[in-house]
Amino acid sequence: MLPQERLIARVHEACAADPRLTAALTYGSFPAGAGDAHSDVEFWLFFAETPPDARSWLDALGPVATPAAIAGTWRHGRWCWHRLAADAVPDALFAELDAALTP
Numbered sequence: 001m002l003p004q005e006r007l008i009a010r011v012h013e014a015c016a017a018d019p020r021l022t023a024a025l026t027y028g029s030f031p032a033g034a035g036d037a038h039s040d041v042e043f044w045l046f047f048a049e050t051p052p053d054a055r056s057w058l059d060a061l062g063p064v065a066t067p068a069a070i071a072g073t074w075r076h077g078r079w080c081w082h083r084l085a086a087d088a089v090p091d092a093l094f095a096e097l098d099a100a101l102t103p
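In full-length UniProt numbering, the protein residues as written are 1 to 103.
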C-alpha cells in the first residue's frame, strides 16, 4: 500500500469519526484510479459550524504536507500557493462536478 493510500484511509476514518463534518471531497489521480508513488492527495473538508483547529485536526492524522508548508519550501510564499489554488482548482473541480452530476 502506498503512503498516499494510507493517508486516504486515515482521513476517511477521521472524517467518519468527526460529527462536525458535513461533507468531504477528494479529487485528483487517486479517486480517478490513476494515483502512483509520485501523486499528491487533495481533500476539501466541510464543517457544519465552527471548524476545528486545522493544525490539530491534521496532526492527529500523522505527517502531512500542507499548502503553506509546500509554498514555504518552494520559497514562493503562502500567497502564491493559495492564489494558484484559488485560480485553478475550484473552476476545474466545479466543472467536473457539474458534468458528473448533471443528468
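Honestly, the hints are just simulated from the structure, not real lab data.
Given the structure is predicted, the values throughout are model-derived calculations rather than measurements.
Glycine included, C-beta positions come from ideal geometry on N, C-alpha and C.
Just to be clear, a hint being listed does not mean it is correct.
Here are the simulated distance ranges between beta carbons [what the hints assert, rightly or not]: (1) 9 to 95: 36 to 42 Å; (2) 101 to 53: 27 to 33 Å; (3) 37 to 102: 30 to 36 Å; (4) 15 to 101: 30 to 36 Å; (5) 103 to 18: 18 to 24 Å.
Now the hints, each set against the structure:
1. 9 to 95: 36 to 42 Å: violated (28 Å)
2. 101 to 53: 27 to 33 Å: Cβ of residue 101 to Cβ of residue 53: about 32 Å, so the range 27 to 33 Å holds.
3. 37 to 102: 30 to 36 Å: Given a distance of about 34 Å, which is inside 30 to 36 Å, the answer is holds.
4. 15 to 101: 30 to 36 Å: violated (21 Å)
5. 103 to 18: 18 to 24 Å: Given range 18 to 24 Å: violated, Cβ gap about 32 Å.
The earlier numbered hints that this structure contradicts are 1, 4 and 5.
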